[in-house]
Structure formats: structure tokens, C-alpha cells
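Colleague: Residue-level listing of the chains:
There are 4 protein chains.
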Amino acid sequence: MVNQVTVGIIGAGRIGRLHADNLRVMPSYKLKSISEAYMTEELVAWAESRGLGAVFTDGEAILNDPEIDAVFICTPTDTHASWIERAARAGKHIFCEKPISMSSAETSRALQIAKEAGVLLQVGFNRRMDPNFRKLKQLVQAGELGRPHIVKITSRDPQPPGEAYVLSSGGMFMDMTIHDFDMARYLMDEEVAEVYTRGANLIDPMFGRCSDVDTAVITLTFTSGAICVIDNSRQAVYGYDQRVEVFGSQGAAVADNCRQTTVEVSTATAVTRDQPLHFFLERYNQAFTDEVAAFAQSIIQQQPAVCSGYDGQQAQLIAEAALESHRTGLPVKLSAFAEKECPEIEAL
Amino acid sequence: MVNQVTVGIIGAGRIGRLHADNLRVMPSYKLKSISEAYMTEELVAWAESRGLGAVFTDGEAILNDPEIDAVFICTPTDTHASWIERAARAGKHIFCEKPISMSSAETSRALQIAKEAGVLLQVGFNRRMDPNFRKLKQLVQAGELGRPHIVKITSRDPQPPGEAYVLSSGGMFMDMTIHDFDMARYLMDEEVAEVYTRGANLIDPMFGRCSDVDTAVITLTFTSGAICVIDNSRQAVYGYDQRVEVFGSQGAAVADNCRQTTVEVSTATAVTRDQPLHFFLERYNQAFTDEVAAFAQSIIQQQPAVCSGYDGQQAQLIAEAALESHRTGLPVKLSAFAEKECPEIEAL
Amino acid sequence: MVNQVTVGIIGAGRIGRLHADNLRVMPSYKLKSISEAYMTEELVAWAESRGLGAVFTDGEAILNDPEIDAVFICTPTDTHASWIERAARAGKHIFCEKPISMSSAETSRALQIAKEAGVLLQVGFNRRMDPNFRKLKQLVQAGELGRPHIVKITSRDPQPPGEAYVLSSGGMFMDMTIHDFDMARYLMDEEVAEVYTRGANLIDPMFGRCSDVDTAVITLTFTSGAICVIDNSRQAVYGYDQRVEVFGSQGAAVADNCRQTTVEVSTATAVTRDQPLHFFLERYNQAFTDEVAAFAQSIIQQQPAVCSGYDGQQAQLIAEAALESHRTGLPVKLSAFAEKECPEIEAL
Amino acid sequence: MVNQVTVGIIGAGRIGRLHADNLRVMPSYKLKSISEAYMTEELVAWAESRGLGAVFTDGEAILNDPEIDAVFICTPTDTHASWIERAARAGKHIFCEKPISMSSAETSRALQIAKEAGVLLQVGFNRRMDPNFRKLKQLVQAGELGRPHIVKITSRDPQPPGEAYVLSSGGMFMDMTIHDFDMARYLMDEEVAEVYTRGANLIDPMFGRCSDVDTAVITLTFTSGAICVIDNSRQAVYGYDQRVEVFGSQGAAVADNCRQTTVEVSTATAVTRDQPLHFFLERYNQAFTDEVAAFAQSIIQQQPAVCSGYDGQQAQLIAEAALESHRTGLPVKLSAFAEKECPEIEAL
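Residue numbers (the UniProt record's numbering), protein chains in the order written: chain A, 1 to 348; chain B, 1 to 348; chain C, 1 to 348; chain D, 1 to 348.
Bear in mind the hints are in silico, worked out from the structure with no lab data behind them. Certain hints may be false.
Claimed, not checked - With a straight-line cut-off of 30 Å between C-alpha atoms, the simulated DSS-like cross-links for lysine-lysine are:
id: 1; chain 1: A; residue 1: LYS32; chain 2: D; residue 2: LYS135
id: 2; chain 1: B; residue 1: LYS135; chain 2: A; residue 2: LYS340
id: 3; chain 1: A; residue 1: LYS333; chain 2: B; residue 2: LYS115
id: 4; chain 1: D; residue 1: LYS135; chain 2: A; residue 2: LYS135
id: 5; chain 1: B; residue 1: LYS30; chain 2: C; residue 2: LYS30
id: 6; chain 1: D; residue 1: LYS333; chain 2: C; residue 2: LYS333
id: 7; chain 1: B; residue 1: LYS98; chain 2: B; residue 2: LYS115
id: 8; chain 1: B; residue 1: LYS30; chain 2: C; residue 2: LYS333
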């Protein structure tokens, strides 16, 4: 492992296969094996088409392989923490999809074990690698916008998920807004002090039946007094709406949506242009590539992860606080909430 | 007064003179007189240059003129309610600058008297007439965006006012955000149920000394569950930032800033375009003309005002509730608040 | 005439009335009288509604009025030169609509007489006053684009004129492109050396029957070697398309179309925005006001006109050369052509 | 060769290596070997890093390999025709970089031989695959713009090439504008009838010393009467300027430049956004991938090439005619010119 990281992927669902395809063509990786608890003929055929000889039903086989330097954990969320612990004990570096878990206490324990094992852990908040948002981050860091006062994040999905997904998702805040919570922390480089959630069920009564919301505006107050507002919807009929704005004492920067082409068509009835790129696979295509490239670089050059376990934990805590605010109708102070949820968090 | 309304202006400050210049060139108006308590040589010269023979120190002289059909109240806010009452009792139609007063009880009484006198009362929320926001309203009314779910209003001033202005302004919510509260109600055509304010003092400690804020994010929840979020700043260094977005079940519409020219310049160092129009006189130039044209039309055609006294009162109530939320750090339900502040509001 | 110019308008068609309405509300003007050879009841009513007592059938009555400082010549083109001569001999300053005439020789004589009479003459190339193009001019003059290499002018009408208009228009180059020829000279501040025209009849065979074109691309070569390309169409179904680009050694500047609002609407089927402003009355509304304001300022401050008789003559010459190029299919050198058409041009 | 094409690359310069890197990760290709007359240690190391065992100094070795289905000709232009002939005689399908040659007669002969050999020949006009221009093509083909009247192509390089390159380039029309000539034919799906060139040497006297131009506006007239205008510059200081517009009887479509991000930054001094992507490797990154994918698909599915030898020949003819027009200062009819240059062209 001088300039190449040998990896295995645990979990061969949509995101696991996406990573596999990206890893295959990157010289910094050697993808050796993959595991999937629910083996199908279709999966075997897929693995073969990618030249992946080793397909296991149990990820332990990957962890037991001494050639493996690192693993990608792409299993269902409720198994993430367990796999982190086992991978850490096997001495493998870890790339884990978000969220780390549904429970702050569980996350804390997993992170503690990874820390003790001395392995690198990166959480899959891929949007940090989006070229647009990365430019916002650079502008903030370079001080070109002065001191940030207001951050606005618009994050709307093109179409709502099905009931089964909603029931197992952990709710909109944990499943969807968690990306925006991470984005807010990433851009501000500062911690959130308070959360206020105004959620609603406006799109489909199914969400209400699942005790979930489909529409929300969440206000985050940072310790400096700066304010972030996030608006979410499970259904933007015109496509995946992903915009971010940072407003500061010296200026503002706005990242607009991406579109397939720049073409504008003018006719007798309308002037039209492309809708936003359809969904996350299209919009964050580059970011998915760049986050795995960054993971290899962190391992090889022994640098911190671009998105650490602590980052993953904080986003999860904010999501839990947002849900609490939604339930009570009141603002929630994050410090008190964190202490209640995972008293050992300070130990990290 | 068949096709022309004879008017007098009470108060010859900046806004009074702005209306005077607009009225002068409109065939639907005959501007006859103006009054100003603080008479100066400069004012006399100005009035002469506009061919305005009659300049009084007391607005009563205008109210006593039987030829006058309507008055424009452009005095300091703390005298608005009193002038409304006196003008109503004199049988004059009333165009009153915002806010109607600093006290809900006072506003209720003034509106009651105007109602009993049977005169038309229009409040100067000029932004309702801005071509961009009018188009948003039309899209909402025509159902082209479906049922509105989220409204986002960005409203930032180019430079902060001085301390004297801040002290007499009634605070940012009553002075500045009140426009946005009216815009939210105008676009949604629905009442606000709850207000949550997150304010901050980030620009100049002077605001804090005045017990005011300079930065805020306010969340309004409508009775239907739809959510509006407003972000305000007293200082956007790049110019007057006035954008509105309506997101609904069938689509979204975004009104961007206006700029002096469409020119984009590309050089070796940057690609640049114009900053937003500097401030409200430039941006809402057309709206100031259109609101006074609408007032004449309402009088001549005996139609309701485009922005009624009730609208003015509601925006004022929301501003008061926003301040209460800022003070307590908690969301404020508008119904309970309104009852407490002005129990007679239901009578209107 | 210290700070106010007393004017009469000769010709009360569309453009004459447009100027009348603009002049009426400008303090630098006193509009005293108007003349129109084809008197109608509708015209009398219009004049009355504007408070214009004096409506003559013969413009001579205006020229004979010693109070009149300046006249606006808004008659059919074939009478422009004659009115310029008569107004000049009467000592009146002259604002003349474009083109000055259909004949270079006739134009030269009229300009010679105006010059000898020492009156100010401004030609109505209103686009010089458009805020967008004015900004381009300022950028070029300030050297921000370096040395200009390529100028691109797109000029397309929303709908074709009728046959009667076409027959009396002098052809597309003299009627429509002449504005673009003036814009090219204005932006470059340099003379045209050669013209090449590629015209076509693609929209309506009527244009061909009238020996005219409805579509054209014209290449102008400047004496410095810089190149301008103009593309014209008599029918852009999406509206009035008026864009200009200047490309130079240090950068490029692009002036886009103007639109009624900035609103962008995104739905499940399309992302749309406003079409360009419909036609010249909407697009150049401000420019029409500004050019007459500039005329008064030039008279009062005894400064050169923003668009001189010489400018009018040059644009006319280029239009004639463009037609010659279209007829022969060959590039036409302007120097030889000018000498042939109006040998006395150097005398000016 | 059922679903995979085995290829060799003749010429390992910049473009040959670019293709190599694209081919390597495409499942439809097996890249077997590469040849380069000027072997260096650096090249050997590069080939090794790509896992390319076979690196020959003579392309014949590739042509002699019976496993090779197709070759990419990436050698200097003056050897293209010769390699086409040899590859065709060896029965290999051919992807040839543009232009095919510097001589129409030579090109005709090479195409004739390829035709007789029955091999597929694709010319590397990669811009046909650019997503923006492909959308323009689809709009034209679907009739959404009606009958095309005017096509405008802006094509400007970010920085001028060196003298050695200029001397061997065949001149700007053959080296650079040839892409635009192909784009014009591609979008119009029609042949060019006449060419008029207005060229200039405005950027660097070096171009003049090389008997070349650095700035040009070229007018193409199509057989239908539609007109295309191309403007070229060897130096746009703000980046690679690649815009195309199609204007037709039912509407217009404009393809703007591509930029790295959508971020717009507003400060007290300016509102800025990204410059265009730097040069062809960045802008046409996707197009380079897509053109080689299309070549494999054409071979596998036995379909015509997306850009045929005939297309390459026509663009070359137009370039020669453009140079002739520049030299004579007169428009050049393509039919007469083609006959003179390569009488056998009809035979294809």
C-alpha cells in the first residue's frame, strides 16, 4: 500500500455498486472483493461483469483478508456501527455511508473503538466534494465574504420515496436533512448551538402516517450568532434542487443548480432552459468520485479524513435535535441535548 | 372627481416628495397642496419648482379644503394614526405610509374610525406593485405552482441606518421586516399562525445598544401549514438584495434582483455583471408609481384598495409577534398574541 | 431659453407623439405646438388631452414662431431633408428622426445648410442612449476591453412590417440595419472601410416582390482592421432581439436582452423566464427619454449633439453600400462608394 | 469483436494519449498497442503506467496484427492520408483526427481507398458530441426552431499557439475554423454554397509573418439561402469561448459557455462568476469520451460513423475556400472551387 489502497466493499446495494464502479477506474485503488448478505444471480452477474472474482455473503471474509487495507461500509444504516467496530478491530481503515447510526450512544461507542484502533474513518457526506460547494468553502476560508452571517441551504428531492423506505429511513431529518446539517457545519467551520424546526406534511398523507414530515424549514443558530436556514421538500416536481448561499459581512456567494446543458430556447410561447440535473447520482456524480479519491489520499498520506467520524456524529446529533424540536414545537439547545443523548461525546 | 382625484400631501419629507413628483405627471391626479410642520427655505423652493403654490405648516388646512378628495399621510409614524382619524372624519380618502402605528390598539382604533367614515384607506406596502413580485402573485393565483408549500424572502439593505433612525424606527421588525411580512401574506393570500424569530447583532454594536438587531431569520407558519422564511440584514455590501421564491406542489418561481444593465464583462481576471440596483428608490421606482396609480383607480372605480388597512394591521401584528419571539426565544402563536394586543381586532 | 427649450414637433405620427409625451414631463422643455399635414379628429382630441393648444397643418407655422427654439422633425423620411433646410434657415435647432434622407447627395446638402446656419442638429439614433449599450461604450472608451477586435450586433424585429411599409421604407438596410450601422460606429469610434452583405428572403415572399430582403448578415471592416458583424431578421417569433457584444484584446462585454421581470419558473415540464421586451417602444423606452433630454442639454450648454448630422450621414452611406454589396454579391469599399455618391462629403 | 473492439493507436502525442486514457476505462474497447515514431523514455514510462505492453516505433506493426479491429490515427496531419490508405488496405476501421489532410486531392484519394476497402472511417470532429451542441442539433432536427435562417458560431481560443505550431498548422482556417465549418454543416444538415472571409492580424505580428491571420469573421451561405457567421480569435483572454446560436422561423436556441461552478459572488466591488472552462481538454472532456464510444458503437452495430470521411472532406474544402476568399478579398462559390480542387469528389 504505497500508492494504492486495496479495498473491499461491504454491502452491494445501489451505493455500494456506485463506489465499486468509481474505484475500478482509479489508479489509487485496487478493488479486491465485495460482500452482500442478500446474494442474487443478478448480483453475481454484475460482479462478474466488473471482474470481481470474490463475492462473499459475509463481510467477515473481507475483514479477515490481510491484503485488505480498507473497507467501504454500504450496508443498511442499522448495521453501520457494528461493522465499524468489527472493521476497526480488524485494523481496516473505514469509509462509512451516512448516517453512522440512528443512535447517538451507538455512534459514540463505534467512534471510540475506531479511535482506539487508530484507523482512519471517513463518513460519506459526499456533498462536501461538490465543486460548487467546495468553491463556497474556499471563499469562506479565504475570508472573501468576511464573517459569515447567514447561510441558506435549499435541498429538495425530485420525488418522494416509498412507504417502506420512509419507515426505515429514520425520518426526513436523519435521512435527508442530515446532509444539510453537515453542509452547514462544513461551510461555517463552527458548531451549532440551537435548532428550531418547522415541519409539515403537505405532499402525501403517507408521510404523516409514518410519523414523518415531507416539508420543513430548519433554523440553526451557530455559537457565533450566525444563522443557517435549511428548507427541505420531498418533492420538487422540476428536479433535484440543491442550492446554497453564504452571506457575510463582505459579500455573498450563491451556488445555483447544475443543468445538463447551457442551452436556452426562445420560441413564440416561452423562453426555456434545462431543468436541474435529475437526482443525486447525476448532480453529485463528480463528488462521489472525489470523495473516494480523497479517502485514498488520506490513507496514503496519513492525513485526516475530509469528513471525520466526529463530523458524522455532529450531523446526527443535530438531526436528533431537529426531530425533538419538531415534536415539541420549541427550539432545542444542542449542548444540553448532546449531553442527554450521549454523555461520553466529550471523550472523543 | 370623475377621472381625476384632487389630493394633498401631509408631510414633505423624502417619501412625501417622492409621491409629489410621481403624482404631478399622472393624469389621474391633481396635486393641490402640501403641508410640513418643519418649514424650511429649501422646502419652499422645492414646492415652487414643482408649481405647488399652497404649502401649509399644518395639515388641517388640507383637510379643511373641500376640493381635496384624498390625502397622502407621509408624516413620522407616531402621528399616522392621528392623521388617519382626522382625515377620515373630514371625509378624505387616505393613503398612509407604513407602518400605520407602533401600537396595535392605536391602529385598530384608527381603522375603526376610517371604516365608520366610509373612506378608502390604502397602506404604502409598495412592493406589492413590483413587477417581479406581481408576477409571482399571478402565478400563485393562477395555480401554476400548485399549492404553495414554502415561501422564501431575502430582504437586505445596502447600508445600515444611523443611530437616531434606529432609535425611532420601532426596531428592525417593525421598520424593515414589516414589508416582508406583508409580502408573505400577499403571496400566500392566507393568515400567519405562528412566528419564530432568530435575530442577531452581527454588523454594528450600535444596534445592540439600541436594543435592536441587524440580522435575522424569521419563520412564519401559515394556517394551512405552509412555511415562509425571511432573512434580513441591515448591510449587504453589494447592494439592495430583494429576492423572493415561491415553492409549491406543481413548481417553483424565483424573482431575482434587478440590475441597471444586462452587460456581462469577461476579462483575464474575472467575469462580472452589475450589482443589484442600489436601494429602494431605484429598485421600487416603478412600484412607487404604480401604487399611487392604483390608489386613484380604487377611488375612481370604487374598488377595494390593493393594500387595505387590515393588511397594514396584520403586518404590524406579525412584527410585534416577531419581536416577542426574539425577546423570549420561543415561537409565538399569532392568535393568542393578537387577542392580547388588540382584543377589538375581530370587530373590523 | 436659459434652462428650458421651447419646441415644436413637425409630424404627429407614432414617433412624434412619443416625443411629445416625453417632452411634456421634462422640465428642460416647453412643448408649444405641433403640426401634422394629415389632420384628423382623433389627432385634435389627442392634442387636447395633452394640453397642446396649437395644432397646425403646416410646419411652417412652427418655424415662423419666434418663441420656438428647436423643432423635432418626425415626418415621413422623404421630407426630412427639406424640413432640415427650412428649419435651419429659420434658425431653429433640429432633432431629426433617422434616416436623414434616402439620398446621400440630398443629405449632404441639408447638413451643409444646417452647418452654415450654425444650428445644432441631432439625429434620432436612440439606441446610443440605451443603458446597456451606453455601458459597452464606456467600457470601450475606458480601455477596459483593450483594443476592440470584433463587434457583434444581433438586431431582430418581433414581426415583419406590412407591404406598404416595406415599399416606402427604403429597404431593410436603410430602415432597420441603419441603427446597427450607427451602433457599430458609435462603439468603435472609428470609420467603416468595407461592407459585405449576405441577404436572403426567407420569411415572406412579399419582401422579395418588394425587391427587399428579410434576413441578412452584414460584415463591416473598420479602418483599423477590426471587424463588425450584424445579423438581422424581420421576424424573431420570441420578441425583439437586441444584443451587442464587443470583443477586444483585454476582454469581452456582452449586452443581453431586457425582460419585463427577472422571474424564473420551474415546473415538471419546463424552466421558463420572460421573453425579451416586445419591441422598440418597450425596449428603448428609457433611450427615447434620454435622447431628448440630451438634445436639450446640448442646446442649453452649447455642446455637440450626442449623435450628429455627420453620424446620420455615415450610417446612411453604409446602408447604401450594404445594398450595393447585396446587389452585386461583392464587398464594397466605402471610400470609393462615398466619393461616387456624394463627392462633397469631405467639405463637411 | 462481438461487443468489444480491439484497437491500436498510431501516434502517442497529446491527443493519442488522451484517447488512450479514455479507451482504457471503456468496456467497449480493448486497447492493445500504440506506436510512436519519436520514442522517448518518458513515453515508455507513460505506456507502462497504463499497462500498455506493446509500444512500437512503426505503426505498421499495429496494422500487421490480425487481432486489431480498428486504429486511431493521431499522427501529424501530413501523414494522416497515408495512414488511412495503409490502414484501409489492412482492413482496419479508422478513427482519424482532423483534418484528414492539407490537400483536397489527397483526401479524396484516401477516402476512395477506404471506401473500396469497406472499412468504417470516423473523423475526429469531437464537438459534434458536446452535450450543448448535440441539444441544438436535436432541436433543429425535431423542427422546434422551424426552418433555420441564421447560425452563429463563436470560437475563440484562450491563448495563441507558438510560431512553430502556426507554421505547420495549415493556417487558422484549416487548423481552428475547420471545427466550426463542420459544426455549421452538422447543425444545418445542408451544404455550403459560398464562403466570404474577413480576416485580420490584430493579436500578434507573428501571425502575419507566418502569412496567417489571428482574427476572422467568416460568412457561409447555405444552398437554402440560410446564413452562418463564424467569428474566431486566437486569443480570448478570459478563456475558451465556445458558443453557438441557431435562429429559425419558429425560434432560437443559444448554447452558452460551460464553467467550472455555478457560483456567483457579490461583493462591494463586483458581482463575479467563473470564467469559461479553460481550453478544449476541459470543455470537450465529455465529447472526447463520447466520440470514441460512438466509434465503437458504429463498428459493433455496423452503422454509419457520426462524422464520416465525407464530412471531413467537406470541412476541409470549406477551409480551403475560406483561405481563397481571404487571399482574394472576394466571396468564393464552393461548387466551382471544389471542382477545381478535387474533380473526383463526386465519385464518392
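Colleague: Indicate, hint by hint, whether the structure satisfies it.
Modeller: Results for each hint:
no. : hint                : result
1   : A:LYS32 x D:LYS135  : violated, 40 Å
2   : B:LYS135 x A:LYS340 : violated, 49 Å
3   : A:LYS333 x B:LYS115 : violated, 47 Å
4   : D:LYS135 x A:LYS135 : holds, 28 Å
5   : B:LYS30 x C:LYS30   : holds, 20 Å
6   : D:LYS333 x C:LYS333 : holds, 21 Å
7   : B:LYS98 x B:LYS115  : holds, 18 Å
8   : B:LYS30 x C:LYS333  : violated, 59 Å
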